[in-house]
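So the sequences go chain by chain: S and G. Under the numbering used here, the residues of the first sequence are numbered 1 to 535, in order. Under the numbering used here, the residues of the second sequence are numbered 1 to 331, in order.
Simulated from the structure, these hints should not be mistaken for lab results. Owing to the predicted nature of the structure, the values given are computational and were not obtained by experimental measurement. Mixed in with the good hints there might be a few duds.
[Said to hold, decoys possible] Pairwise CB distance ranges (calculated):
id, chain 1, residue 1, chain 2, residue 2, range
1, S, Glu-512, G, Gly-219, 41 to 47 Å
2, S, Leu-327, G, Ala-319, 26 to 32 Å
3, S, Val-66, G, Trp-165, 31 to 37 Å
4, S, Asp-84, G, Arg-73, 38 to 44 Å
[Claimed, not checked] According to the in silico footprint, chain G covers these stretches of chain S (three or more CB under 8 Å from chain G):
id, region
5, 249-258
6, 378-386
7, 458-464
Backbone N, C-alpha and C define an ideal beta-carbon position, used for all residues, glycine too.
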Amino acid sequence: MSTTTTDTNAPAEGRAGEGPRGLGPIGWLRWAWRILTSMRTALILLFLLAVGAIPGSILPQNVVSVDEVTAYTRENPELAPWLDRFHLFDVFSSPWYAAIYLLLFVSLAGCVIPRALVHARAVRARPVPTPRNLGRMPYAAKFGTDAAPETVLAEARRVLKRYRVEGYDDSISAETGYLREAGNVLFHFALLGLLVALAAGSFFGYRGNMLLVEGDGFANTLPSYDAIYPGHWTDMDGIAPFTIHLDDFEATFIEDGNLRGQAASYVADITYTEEPGGPELTHRLEVNHPLSVSGAQVYLLGHGYAPEFVVRDADGGVAFDQAVPFLYRDTAGFVSDGVVKAPDVGEEDEQLGFVGVFLPSAAETPDGELTSSFPGAVNPRVTLEGYRGDLGMREAQSVYQLRTQGMEPVGSSPVMEIGDVWELPDGAGSIEFAGYKEYISLQVNRDGARLPALITAATAVVGLLLTLFIRPRRVWVRAVRGADGRTRVELAGLGKTEAAGDNAEFHEITTELAGRLRNESDDNPQNPSDTRSDR
Amino acid sequence: MTYTLAAPVNETMASASDTLVIAMIVTYAAALFLFAIEAAYGRRTKLKAGRLMPVGAGAVDGGFADDIEVNVRTTEGEAKASQSVLGRIALGVTALGFLMGLAQIITRGVAAGRWPWGNMFEFVVAMCLVAVGVLLFASFRYQARFLGAFVLVPVLILLGIGVKWLYVDPGPLIPALHSYWVPIHVTAAILAGGAFMVSGVTGVMYLISHRTEVKRAQGEEVVGIAGRLPAPELLDRISHRLILFAFPLWTFGIIAGSIWADEAWGRFWGWDPKEVWSFISWVIYAAYLHARATGGWRGPKATWINVLGFATILFNFFAVNYMFSGLHSYA
Ligand code: HEM
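With the hints as extra help, turn the sequences into a complete structure.
Have a look at this one:
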């Protein structure tokens, strides 16, 4: 909004001096405000909101997957920097998208607050006096009756029992459907509240990912994460110090039929504490059953295999004995890649490194290639390629990549079963495929907006239902005794929304009133005042 | 680690379900044929005054209260539609097809041992069932049988695509879908989607009828189905009414979906392509509702927004599932 007002304001000052238009700066401000808060502007901004979201679905987004953005950048080295300049990999946190929704919400506030005030006054006011000429209303009906005018109005009040009714001399004025406007205000305010909740959540929360191998634990501190995304104002030193230990993980897969290989369930049994040394609690972590601990949520996102290797040096001493998480290429067969780094084998230029492939259910393709045909570990096999030399461990490096610049290849292993040992050539040592464990990938999330967002969203739905389904409308009934002694009844209706059902409803009111009056005069013809006394 | 055959598939039910889909398609095709004859050759007959019909002065008198003199200000003529006996038969046939669709979904659910909307095929079939349900409802409630010839066209196209390209055998679901929020979320999406579909189709009818009216005003003659459509105002009201039903449901569906996403993926909103497009549809329909309340936008312009809205729903369904990768792509 600020941009709009200042932009339009600047030229205004020069021109205001010349003054033919007579618009001072205040006038321009008013004008800008009026434009901004008009329904037409709201409509255009809504369109921009929709159109602006489209690139966010077509181009990879950092919020969704940083890896995809990196891959895209690698494949389109020319284009990507340009796209990035326009924040097209971060559409939903970009300044231009923020400009759209902030303008929209300013417009919304400017539009809805005045309406709320007008409505607040209307709610307290009496229904308006009956207009002189009811025949001009969208619906108008006339009929004659023998009942006295007071009886007619008393009956009319009964028929209009859902309306707020105000009596005037020879008529009543009735109104209903106040909640529609209230609902509209509620809905729009709830949307504002939702925006505020989301903003607050993203500024103060954090989200992080890590892998956890069976039998291992994790403490909620910054270094334990493989990746962490704190908000602008998140105090990462103050995060809850809970711990989690993965006792067991179990995945089930469908074995038969054409859905073979599809996952049926994942269950991780964990032990956790609210703080180090605190009482141990257990939880069954499943895909739709996160763990809530100390204000954070822990989710099970995925799983994989961590084959165990034992590396021995030339003298047979154990230099390495660990389960190493491998990353899967696809979920159909879980063919997984990883690296083993054994720096402690010997001197710096005699270190060993291996690039490995893990096949949980090894099988041969028709053209003789080795692959995995099932995600479960039915027939686990490993193949390795060995390297010898300097691992370059003094510099930070990814645990999933081997820097082979300073290393010599030492050949490829045979296809190894559990328990197999590959003796390296030249007596450089050996590596044993000792077994495998499973790991899970976890996400830890703290987002304070969860509950406020849910509440505001639910409020918005309630407000929306009121706006859409409540029809505000007015009905007037006038009863006057004519010269012939009969009472002339006039009934008129005005729907304030464009609901077509209004006239049908007004007509029902007319017929019901006429019907009641007819019954009335049949039942007790000379006693019209009775009906008044019992109201 | 264990490997299981998670839920045995009931083969009898599975094949009954597959037979029913085909029978349902044939039935709808027959109904479409009859509806089309009614639309093209029926007699333009006055519709009774009712919920969505304008209460014209002539329409409310007579019957119960003959001494009441009513004066209604409306610029709109009487509601008329092309009608014939064939239309009634078509409605019966459609109802039969609807029952088959219901039976198909139930048998498929029994066959797979779970709620029966877990993949694209089941989703399309369910959305078509809702669309036909809305058609039947509108026929009885709003005398809107004239929608039949138009609604059954996309229904048949979608069912055809479903059977030909999206079909998968009944079976269990991936773990991410094991949450009771999924049936709630997906049910809301299906109900809203079906109603949006009928609304969009009615919007297209409105645009045709509106053009007919403009042409007639210029003295041109309009023949055929386009010349026999009900008045644009009536079509506009029906399509608006359906949005009033569908939009809050869609809103609710998005909320239910984000509750599920919160449980399953650890964030309630992550701008995954499917989420982005649900949001786009939502904003477009909000724009439609605004347009109807904005001077100069009511009428064809607002209706185009409605049609655009349904286009985004279809895009979300087909394109997003196949073109983009995302957490939702369990296609
Ligand atoms: C976040 C963006 C917005 C959304 C999603 C939204 C949505 C809606 C919806 C669904 C309705 C109900 C329409 C109906 O009664 O048929 C509505 C009504 C309304 N909105 Fe908004 N709105 C938004 C922003 C705005 C803004 C910026 C303004 C003001 C410029 C505004 C002014 C109104 C008004 C005046 C109505 C009542 C219309 C009537 O009387 O029928 N809205 N809005």
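Could one say that the CB atoms of Glu-512 of chain S and Gly-219 of chain G fall in the range 41 to 47 Å? 46 Å, holds
Whether chain G covers the region 249-258 of chain S (at least 3 residues having a Cβ closer than 8 Å to its Cβ atoms): holds (count 9)
Val-66 of chain S versus Trp-165 of chain G beta-carbon gap, inside 31 to 37 Å or not: The hint (31 to 37 Å, Cβ to Cβ) holds, given that Val-66 of chain S and Trp-165 of chain G are roughly 33 Å apart.
Between Leu-327 of chain S and Ala-319 of chain G, is the Cβ distance one that fits in 26 to 32 Å? Once the Cβ atoms are compared, 29 Å apart, the range 26 to 32 Å for Ala-319 of chain G and Leu-327 of chain S holds.
Distance restraint evaluation - Asp-84 of chain S, Arg-73 of chain G, Cβ atoms, bounds 38 to 44 Å: 60 Å, violated
Is the coverage entry for the region 458-464 of chain S by chain G consistent with the three-residue Cβ rule at 8 Å? With 4 residues close enough to chain G, the hint holds.
Assertion that chain G covers the region 378-386 of chain S - criterion: three or more residues, beta-carbon distance below 8 Å: violated (count 1)
Hint compliance for this structure: hints 4, 6 are not met, and every other hint is.
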